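Protein chains: 2
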Amino acid sequence: MVLDPQGVAVENSLIALGYKNVHKVRVGKYIELILTAENREDAAIQVEEMARRLLSNPVIEDFSCTLQEAGV
Amino acid sequence: MVLDPQGVAVENSLIALGYKNVHKVRVGKYIELILTAENREDAAIQVEEMARRLLSNPVIEDFSCTLQEAGV
Numbered sequence: 124m125v126l127d128p129q130g131v132a133v134e135n136s137l138i139a140l141g142y143k144n145v146h147k148v149r150v151g152k153y154i155e156l157i158l159t160a161e162n163r164e165d166a167a168i169q170v171e172e173m174a175r176r177l178l179s180n181p182v183i184e185d186f187s188c189t190l191q192e193a194g195v
Numbered sequence: 124m125v126l127d128p129q130g131v132a133v134e135n136s137l138i139a140l141g142y143k144n145v146h147k148v149r150v151g152k153y154i155e156l157i158l159t160a161e162n163r164e165d166a167a168i169q170v171e172e173m174a175r176r177l178l179s180n181p182v183i184e185d186f187s188c189t190l191q192e193a194g195v
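Quick mapping for you: the protein sequence lines, in order, are chains R and E. Here the first sequence is numbered in the numbering used here, starting from 124 and rising by one per residue. Here the second sequence is numbered in the numbering used here, starting from 124 and rising by one per residue.
I should point out that these hints are in silico values taken from the structure, not numbers from a laboratory. Note that the structure is a prediction, hence the values are computed from the model and not measured. Hints are supplied without guarantee of correctness; some may be wrong.
Note that the list lumps identical chains together, so a pair holds whenever it fits in one copy or between two copies.
As the list claims (entries may be wrong) - Below are the SDA-like pairs computed for lysine to any residue, each with C-alpha atoms no more than 20 Å apart in a straight line:
id	residue 1	residue 2
1	K143	T159
2	K143	E184
3	K143	F186
4	K152	S187
5	K143	P181
6	K152	D165
7	K152	E184
8	K152	R163
9	K152	N162
10	K147	A193
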């Protein structure tokens, strides 16, 4: 869990606009990509590595990865 | 499908760093929030409305919403 000033700003805007039943808004990045790999395990390892090493800033961001098989 | 210069930049960086098996990178926003609602249908309508009216810019962005029930 990290600080998220953008989430707080969006939450305040939503509440000001009448959505008073909204709580704990968090804003993050979403990255989607196609990866060719030998198998699901290789794909998972590579995606986790990209996320950790390049796509996220570990000081201020958490990340999670999900895979979806596309077939050949 | 909309133009995504940030996705192109991330793709080029990943390839330059050795991930040559990466294609079609797209970068977007991810917004997570807790909503109290009478039922799942009300929640879906409200979330779709927030996304359409406030959280996305329809000229340059697509969006999709998913719900997860938290219980009481």
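Now the hints, each set against the structure:
1. Taking CA atoms no more than 20 Å apart as the test, K143 paired with T159 passes between copies only; the shortest distance there is 9 Å, against 44 Å inside one copy.
2. Taking the shortest alpha-carbon separations for K143 and E184, neither the intra-copy value of 27 Å nor the inter-copy value of 25 Å comes in at or below 20 Å.
3. In this assembly of identical chains, the alpha carbons of K143 and F186 never lie at most 20 Å apart, being 28 Å within a copy and 22 Å across copies at closest.
4. In this assembly of identical chains, the alpha carbons of K152 and S187 lie at most 20 Å apart whether taken from the same copy (11 Å) or from different copies (14 Å).
5. Proximity of K143 and P181 under a CA criterion of 20 Å is satisfied in neither setting, with 32 Å inside one chain copy and 24 Å between copies.
6. Proximity of K152 and D165 under a CA criterion of 20 Å is satisfied in neither setting, with 23 Å inside one chain copy and 26 Å between copies.
7. Taking the shortest alpha-carbon separations for K152 and E184, both the intra-copy value of 10 Å and the inter-copy value of 14 Å come in at or below 20 Å.
8. In the homo-oligomer, the alpha carbons of K152 and R163 never lie at most 20 Å apart, since the shortest distance is 23 Å inside one protomer and 26 Å across protomers.
9. Taking the shortest Cα distances, K152 and N162 never come within 20 Å of each other, neither inside one copy (26 Å) nor across copies (28 Å).
10. In the homo-oligomer, the alpha carbons of K147 and A193 lie at most 20 Å apart only across protomers (13 Å), although the nearest pairing inside one protomer, at 34 Å, exceeds that limit.
In summary, the numbered hints that this structure violates are 2, 3, 5, 6, 8, 9.
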